[in-house]
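Number of protein chains: 2
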Amino acid sequence: MFELDPTFLATSSTLPALALCEARLQLDARFPWIVLIPRVEGAVELEDLSVEERAMLMAEIVVAGEAVRAIGAALGRPIEKLNVGQLGNVTRQLHVHVVGRRQDDPCWPGPVWGQGTPLTYDDNALEVALAAAANALES
Amino acid sequence: MFELDPTFLATSSTLPALALCEARLQLDARFPWIVLIPRVEGAVELEDLSVEERAMLMAEIVVAGEAVRAIGAALGRPIEKLNVGQLGNVTRQLHVHVVGRRQDDPCWPGPVWGQGTPLTYDDNALEVALAAAANALES
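Chain order of the listed sequences is A and B. Sequential numbering of the first sequence, starting at 0, is according to numbering that gives the first Met the number 0. Sequential numbering of the second sequence, starting at 0, is according to numbering that gives the first Met the number 0.
Next up, chain A with everything else stripped away, as it sits in the complex:
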């Protein structure tokens, strides 16, 4: 049975689920950032997915990119580049990061993973981000 790694519960907030993946907003106000976790028990690498699941994941990465753009726009900081990463060096359960980047963000042009300290969303911005993401993921 698929169970979400508890790490994700501590660092991200629930978004509407997609056909293959759980979608979560990373609780780091430095970047519009969605994490996709395929609901496939025991999956660690992309090769652990079926060919059909891989195609679904790719489609959901593109949708998450649209949602990340929507968050950036809603917060008045339109994103300039998408970054997609599947690492799993720390949390092994297969997951894909979709992150919106700007040249004025604190990690540009480097990667975001493991860099600096997450910034807490204020309540209003969190509400705006969650609503923009949900709207994009459900459309």
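It is possible that some hints are incorrect.
[Said to hold, decoys possible] Restraint-style ranges between C-beta atoms, simulated for each label pair:
{"id": "1", "chain 1": "A", "residue 1": "Gly115", "chain 2": "B", "residue 2": "Ser12", "range": "29 to 35 Å"}
{"id": "2", "chain 1": "A", "residue 1": "Gln114", "chain 2": "B", "residue 2": "Ser49", "range": "31 to 37 Å"}
{"id": "3", "chain 1": "B", "residue 1": "Ala18", "chain 2": "A", "residue 2": "Gly75", "range": "27 to 33 Å"}
By construction, these hints were calculated from the structure, which means they are not laboratory data. Values in this document were obtained by computation on a predicted structure and should not be read as measured data. Where a beta carbon is used, it is the ideal one built from N, C-alpha and C, also for glycine.
Keeping the supplied structure of chain A fixed, place chain B upon it in accordance with the hints.
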């Protein structure tokens, strides 16, 4: 017309081309590392590919992962985790990194991009890595 960004020529070496992508060995002996560049003119983000091209790219990422594992095995350093990244903050032409990681590598568990200084392959190791990767990509 598709033309490879010259940056890739300076930092990586040609591997056998795949159906969608140019495949290149990143010239950094710290990690078995393949870069895939879809031959699609003007593509910057995954959304710039057709649905069919996205499925091809996903398949080629999995094949590149096998090739990265083959390089690690051939060099006596079997890889423990694959890392896949599509960033493009510096070189905008759409490309995907497939990197083999080990807990004893110099960047573990952080990402490799923009971290530390690339390590030159010695001639013999480079030959071994290129042959192992070519064999895996062509099988």
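Okay, the hints, checked on the actual structure:
Against the hinted window of 29 to 35 Å, the Cβ-Cβ separation of Gly115/A and Ser12/B comes to about 33 Å, which satisfies the hint. At about 33 Å, the CB distance of Gln114/A to Ser49/B agrees with the hint of 31 to 37 Å. The supplied range of 27 to 33 Å is broken by Ala18/B and Gly75/A, whose beta-carbon atoms lie about 42 Å from each other.
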